[in-house]
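The task is to assemble the complex, starting from two chains supplied on their own in separate frames and drawing on the hints.
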Amino acid sequence: MRRLHVDLRAGLALVGTLLALLSIAFVVPIVTALLYGGEDLWVFVVSMVATAGFGLLLRRLDPNPTPGAREAFFVVAFTWLFASIFGALPYILAGTGAIAHPINALFESMSGFTTTGATVMETISVEEHSHAIMLWRQLTQWLGGMGIIVLAVAILSQLAVGGAQLMEAETPGPGVSKLTPHIAETARVLWLAYIGFTLLYIALLYGLHLTGYAPEMDAYNAIAHGFTTLPTGGFSPEADSMAAFSPAVQWLVIPFMFIAGVNFVLWWHMLAGDHTALINDTEFRFYLGVVTGMTLLLTAVLAVTASDVGPDPGLESSLRHAAFQIVSLTNSTGYASVDFDAWSGPAQALLLFVMFLGGSTGSTGGGIKMLRWLVILKSLRREVFTSIHPEAVRPVRMNGKVLNEEAIRGIYAFTLLYVAIFLVGIVLLAVDTARVGYDIGTIDLVSASIATLGNIGPGFGVVGPMAGYGDFPETSKLLMILYMWIGRLELFPVLVLLTRAYWRS
Amino acid sequence: MRVIVVGAGEVGRSIAANLESSHDVVVVDRDGETVEELTYALDVLAIQGDGTRLETLRQAGLDDAGLVIACTDDDESNVVICGAAKANGETFTIARVRRRTLLETWTGSEGAFGVDFMVCTDLLTAQTIFRISGLPAAQDVKMFAGGLVRMAEFEIGPNSPVAGQTVQEADQYDSLTFAALFREDRMIVATGDTRIRADDRIVVIGSPDSVTGFADDIVCTHDTDADEVVIVGASEVGFQTAREFEEHGFNPRLIEQDHDRARECAEALPNTMVMENDATDAEFLAREHVDEADIVVAALDGDEKNLLVSLLARRLGVDRTVAVIENLEYAELFETVGIDVAINPREVTAEEIIRFTRNDHTEKIAMVEHDRAEVIEIEVGPDSVLTGREIATATNDLPDGVVIGAISRGGRLVTPRGTTVVRPGDHVVAFVDSEVLDEVSRVI
Chain A
1 MRRLHVDLRA GLALVGTLLA LLSIAFVVPI VTALLYGGED LWVFVVSMVA TAGFGLLLRR
61 LDPNPTPGAR EAFFVVAFTW LFASIFGALP YILAGTGAIA HPINALFESM SGFTTTGATV
121 METISVEEHS HAIMLWRQLT QWLGGMGIIV LAVAILSQLA VGGAQLMEAE TPGPGVSKLT
181 PHIAETARVL WLAYIGFTLL YIALLYGLHL TGYAPEMDAY NAIAHGFTTL PTGGFSPEAD
241 SMAAFSPAVQ WLVIPFMFIA GVNFVLWWHM LAGDHTALIN DTEFRFYLGV VTGMTLLLTA
301 VLAVTASDVG PDPGLESSLR HAAFQIVSLT NSTGYASVDF DAWSGPAQAL LLFVMFLGGS
361 TGSTGGGIKM LRWLVILKSL RREVFTSIHP EAVRPVRMNG KVLNEEAIRG IYAFTLLYVA
421 IFLVGIVLLA VDTARVGYDI GTIDLVSASI ATLGNIGPGF GVVGPMAGYG DFPETSKLLM
481 ILYMWIGRLE LFPVLVLLTR AYWRS
Chain B
1 MRVIVVGAGE VGRSIAANLE SSHDVVVVDR DGETVEELTY ALDVLAIQGD GTRLETLRQA
61 GLDDAGLVIA CTDDDESNVV ICGAAKANGE TFTIARVRRR TLLETWTGSE GAFGVDFMVC
121 TDLLTAQTIF RISGLPAAQD VKMFAGGLVR MAEFEIGPNS PVAGQTVQEA DQYDSLTFAA
181 LFREDRMIVA TGDTRIRADD RIVVIGSPDS VTGFADDIVC THDTDADEVV IVGASEVGFQ
241 TAREFEEHGF NPRLIEQDHD RARECAEALP NTMVMENDAT DAEFLAREHV DEADIVVAAL
301 DGDEKNLLVS LLARRLGVDR TVAVIENLEY AELFETVGID VAINPREVTA EEIIRFTRND
361 HTEKIAMVEH DRAEVIEIEV GPDSVLTGRE IATATNDLPD GVVIGAISRG GRLVTPRGTT
421 VVRPGDHVVA FVDSEVLDEV SRVI
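The listed protein sequences derive, respectively, from chains A and B. At the far end of the first sequence sits residue 505, using UniProt numbering, and the numbering has no gaps. At the far end of the second sequence sits residue 444, using UniProt numbering, and the numbering has no gaps.
Looking at chain B on its own, in the form it has when it is part of the complex (with noise of 0.2 Å):
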């Protein structure tokens, strides 16, 4: 398949280093350097010009290329990319933003902007570094379906009403599927029969609704003020991590030196506590019991300031820091002096986008566990496995260690039970353990 690339940053070069040995791929950048140098280090097709032009486009080869990759530095010239690829054929568009609005203005209205599937930067950073933050009461949370369906997985303390009870006894949710238990190392496929036991980890697809009430539901202590979070710099990525901890129940501190931000982010937080002082003043730090924190994110902007707050940090006994950086030959030179985890940005973006490219037909993915198993959106087609047929008959044909979660149809949520029947134009957001995916992305 030929695939262009726009923009020959970190993300786009990473991109296309990934995918230069199994695809055609072509690079298209503005600047006349980058596309010399990338054109001997790389088996790829380097072009110089201005991707929001359809010319250039054209001359990548837009007509008969299967994917288009927009990921300059601006938002705006992404989506006008993607805008003008989809409006030229039927080829896949992938564009990168940095601003959280514009995903959510695309996640809302579906097919906006002619991009098929969105990464935003510094959102795709900040749940990265919540993910891996790994503290307890953490759920990890993903939306499908323009937000009609979630994903949420959560750990059953010892006294929840659900430890002992079976798939069936807990099912008191009209649009919740129990999709799968994850014991120890273990996973297992939800069936009716299966006992949760305490300790597990429990997969759930449903309604945002019904996933919020089994949350209330199954937590019985909200003992959240245990899970000290401090971020450091209220960057883009500082607040969006703010936030992300904020909507999973958590109260985060956010340091801020620039007033005006300080205040800016107060507004957008109401769970977070703004504090406005620099962040390197170590008495400040003391005063406000930093040294208490389980965990401290440094984002603010530039490399060298965040390895200084994660070694102050350090040594006021925090236990685990967690640094934003920019420069990817840093990371790990920073991780061997004393930081837990350095994350790069523009690599996580990378990896989210070639994770995607992989499975051309879903449109969202999730990872589970580690890569122990996805959760998918497809969009079923007339020759699936499913159409037409009763999940319970078309199961049969589906390999184990699949589960269909949710349907959307024409916007609406369909809870999928043994009888419903799939029809082509139907999102199906499934569970499936890795070991299969690729088997059921061929079926489905």
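Chain A with its partners taken away, still in its complex shape (with noise of 0.2 Å):
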């Protein structure tokens, strides 16, 4: 056999040790299966044995295993695939509705990992499904959104030299600075925010509940939405997402999606005592900017075309679903506070638009990002001015730092081959779709592309906020399958080792 130049011991080895740590997990639906009556309970049981079992197996493969930057790619790739397969195996298991197909499994458990949120459930409900299967999902968007590997290098010790590389090939772009010297301590700080915003929130919902704001945000929901509010998932325990909530509950959900598509870097900044962190950062100034600016712009769209606003049309209405659909689609957390598939084109159009910006970075945000859309705006307006002065020197900043040019070219590079990996999706489900005689329109194609590319769940039409994924054929499945794992791990890490040069030196 010829040498491979990937040490493939040592990076399977460390999957199975990440593996084996997911496992754990599993407690949360166990003791949830054992508070409802032990309904389910088995098949998290034999989920978290499974889990465990294989990944210490593959541990045994190599007992100190120290990855290189190669490896990073294979196992961050590794992990998060594996983690969605292991992580569907109480779909399958517990055999309930279309979840319990292995294909719609693995649809449901990648799109909870990657906090996509597109769902191929055609009930969405409690009565249907376990309380315990309903929090799984919702924990699978928790545990992906903040990052696994993050959480492994927080926890894992023996990361804490490789840590940074794995870290990076996670999350890449200048997003995540060490902020400490260790790098778990890093990862620490980063899920200690984390953890902390989400129990704020959880308390909040569950304030409003407590103080008769909101009847249906009982203690559950409260946590199944903490649980996939701040990882920017999308997935809730009710089939018409936050519309069956008061004004109360969507108005407390606003702000904390949109501090989920912050960097948590800067949090951490300002949790340490640095009060302008946030308000100095040029990036957090243009997210900002840019959701504000499209809420006006929403909120005007949406008065003028009387677009369907719900039960009570007014401007606090228009104002409120205008804001929550703004933010929600921009950094991909993709709720719905109303049925916005029903609105009029123009208001749909600016959805879309909003569907390719994408979070911070460091943020638990999907999509193309904000800094890359910023870095593209200076750029092209730095191409202007030297067209009027061709003499001049322009170096791109960001927040007052020069970006090198090999940076800025390798942001164009990425743009340019999401846009790209896009439309051939978009073709690809056409195709597909066609082939088995599933007549779905342009829109609701082109929806389902940047839905799962980007991680944003609902999109428009069949996959619209009230409808799901679950029509398509199995095929089409497989790649937004493939695009979701793609979209969370920004394309490299899986599109290397699809290469030839990365096995062959």
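Among these hints, one or two may not hold up.
[Claimed, not checked] Taking lysine to any residue pairs in the SDA-like style, the calculated list, with each CA pair at most 20 Å apart, reads:
hint	chain 1	residue 1	chain 2	residue 2
1	A	Lys378	B	Met273
2	A	Lys401	B	Leu269
3	A	Lys378	A	Ser344
4	A	Lys378	B	Asn271
5	B	Lys305	B	Glu283
6	A	Lys401	B	Asn251
7	A	Lys401	B	Pro270
8	A	Lys378	B	Leu269
9	A	Lys401	B	Arg261
10	A	Lys401	B	Asn271
11	A	Lys401	B	Arg263
12	A	Lys401	B	Glu283
13	A	Lys378	B	Pro270
[Claimed, not checked] What the simulated footprint calls covered on chain B by chain A, stretch by stretch (three residues with Cβ under 8 Å from a Cβ of chain A suffice, anywhere in the stretch; the number is not a length):
hint	region
14	257-268
15	275-284
Hint data in this document are derived by calculation from the structure and do not stem from the laboratory. Here a beta-carbon is modelled for each residue, glycine too, at the ideal position from N, C-alpha and C.
Spelled out as structure tokens, the structure:
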């Protein structure tokens, strides 16, 4: 056999270690199952044993793995793939509804871990599925939000050295800087901020319930939404998503979705006492500006085109739904406060547009990301300027620091590749759905492609906020599983695995 | 006093020439010929040797020396010379450097390297260029006490909110002292009742924040676009000049031919428009409307090139041209053929050092309004007239024309009020009328 230039044993062993670690997460649905009368208890016990067993088995390949730069891509990509595969076990074992089918189960699991929030479930309800199954769905999003790898680096002492490389491969782009000399401490800080916001959010949601502003937001719902808002996930235990809750709840969700789309490093600086960290950050200001501007624009469009904003139309209602959908779709959360699929054409066009923006770097949001757009805008402005002044030398600055030209080229390359993959997705989905005679509109295809690649979840038409991905042919679902996977890891960790150069030097 | 000057280049030579009559001057240089020539040209003792060697310094009389001036062409050597001299005794040391970063390190860590006073040639030249360019929005700004205290001069516009107010009314700032007003040719030391008028130039001393705050408040319209500055050549002086203009709120243009240097400057200067081209390309100059510039600074390497650029700018119709001229002998000639001001960095440096040696207690001085007054920083000793007394009473023993602007005590800023008691070891930043300067430095 030709010698590989990737240390496969070390890579697989590390994936095994991470899987074994992940198996601990099954404790949550197990406890839930016990609380709700033991329904589906065995499903999670079996899944836990299977995950831990397989993980420990892989780990035996190399008791002391030291991953290098090459292995980092491998480890990250395969950890996410295996996490999704084992995360799908409960759906298959429980055997209820559409998600019992292996491909559907994998779709739902991948959608969870990548915080996409696209679902193939026919009936989203705790009557149909057990509380434990539903909570597992939400928990996968929470684990995937800040990142399985970041979590592992925070916990596993053996990743003290290789951890930085892994974290970088999981969240590429100039986002996660070392906050402290120890990478594990940085990972811990990020997760603590994440946990802190989640707990605060759950407490506030439940507080609304206790004070009577949110009759439907019981403890189970509060926790479920806590698990899916901060990772910008979007899985709700309610079929109507956030439309099932009172305006008070929706108003509370908006700032927390916004928070989830902000670079968590900035929150850490804020908590550490640097109160100007947020407002001094160019990307944050851009994010805030885009969300505010788009919200006002959408509010106006809703008013002019008289789009349906629910039972009590009015300025408050329009503003609330506009802000909700803009934040939700910009940073890839994917919640809906209303069935926006019924909105007018211009309003939908605006929503489709913001799906391409993405959250901030270092946030739990997916997509192309604010920073990349900002760099592209700045460098385009430079192009215009230098066409008038050909001799001018203009570096592109971000937060006062000069970006090197290679980084700018990298950002262009990423964005172009991203758009190319999105376009190819439309064509492949169109061909595949036509092959089986599944009748689907162009806008539906377009939104399905970006909603899975950008880890957003809902789109328009058959994939609208109150519908699902269940009717797609299995081949299309496999393609979308791939899209969610590469979208979450920002293309390269998965794509390099597909190149010959990666495997042979 | 015995003064040792290490390095007999233009700077060392003119310092030596200036001090030869009033002090015992020893000049050290590595070059034998220079030493021999100097022995006959000046009334000084010239020694051949390496100034970084303790033996050489001892031979020059380090043990009795009151002042060591290190002004060789090498930054590191100068710092080493000062460090060695300091370690050997209580000598006052002055180092000349080219690199601004060294100056910043020194200012940021008081007393670093055993240097008591540091002069940065290129920065000094840049500051001089800025000062003499005399643009309306310009404000003179100097730092004291390691950056803790700032002195600034502003021109009060007719629409400024402080125009017509008395000093007492205008004093809305915690850590700001109004030192003086310049009205046409007169200098008025500020008291509470002094009324500020439009077109006055006002000197304030205080914390950097309060000075910036004051500047923001009194300046009503920022029409900096009207002041077009073009700097040709991103030599160290050119670069520092651009930065100096930037720091005073201008958006200068900097023309540099070398690709890498242009990029480097563009990265370091966010508010400067850097252009990569040959500045003698007339077509380019016309396209970029260089003719509309208010001032063109020629800072290329090479006196001839600077002359050429200045003459070209003149022909295009630029109002004012400033050229950096390395060769002292050319300076006058160039001014006759059409350059407005020729600046020689070595001359500027020598002047600064000479000025400094005049009052040897002061750690730092700034000239205000072309020598009408000075702002000085003094470390207060036990026998000073200020020590242990409230400022209000102590000022009675000081001549008129002195304002205590700020006090730095152990790295903290103390804003002087009438009841403030000065302690030994405090650094006092004072505004002093030039006429009483000698008297003031004697009693403080």
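Status of the hints after comparison with the structure:
Among the hinted pairs, lysine 378 of chain A with methionine 273 of chain B is consistent with the structure: their alpha-carbon atoms are about 16 Å apart, no more than 20 Å. Between lysine 401 of chain A and leucine 269 of chain B the CA atoms are separated by roughly 11 Å; this keeps the pair inside 20 Å, and the hint holds. Among the hinted pairs, lysine 378 of chain A with serine 344 of chain A is inconsistent with the structure: their alpha-carbon atoms are about 33 Å apart, more than 20 Å. For the proposed pair lysine 378 of chain A and asparagine 271 of chain B, the alpha carbon gap of about 16 Å is at most 20 Å, so the pair holds.
Straight-line distance between C-alpha atoms of lysine 305 of chain B and glutamate 283 of chain B comes to about 18 Å, which keeps the hinted pair within the 20 Å bound. A distance of roughly 18 Å separates the Cα atoms of lysine 401 of chain A and asparagine 251 of chain B; the hinted pair therefore holds under the 20 Å criterion. With a C-alpha separation of about 9 Å, the suggested pairing of lysine 401 of chain A with proline 270 of chain B holds against the 20 Å cut-off. Distance restraint check for lysine 378 of chain A and leucine 269 of chain B: the Cα-Cα separation of roughly 17 Å lies within the 20 Å cut-off, and the hinted pair is therefore satisfied.
Restraint check: the Cα-Cα separation between lysine 401 of chain A and arginine 261 of chain B comes to about 18 Å, which is no more than 20 Å; the hinted pair holds. With a C-alpha separation of about 13 Å, the suggested pairing of lysine 401 of chain A with asparagine 271 of chain B holds against the 20 Å cut-off. Distance hint between lysine 401 of chain A and arginine 263 of chain B is fulfilled; the C-alpha atoms sit about 14 Å from each other, no more than 20 Å. In summary, the hint linking lysine 401 of chain A to glutamate 283 of chain B is not supported, as the alpha carbons are separated by about 34 Å, beyond the 20 Å threshold.
Restraint check for lysine 378 of chain A and proline 270 of chain B: satisfied, since their Cα atoms lie roughly 14 Å apart, inside the 20 Å limit. Counting residues of the region 257-268 of chain B whose CB lies closer than 8 Å to any CB of chain A gives 5, so the stated coverage by that chain holds, three being the minimum. Only residues whose beta carbon comes within less than 8 Å of a beta carbon in chain A count, and the region 275-284 of chain B has 4; three or more means the coverage holds.
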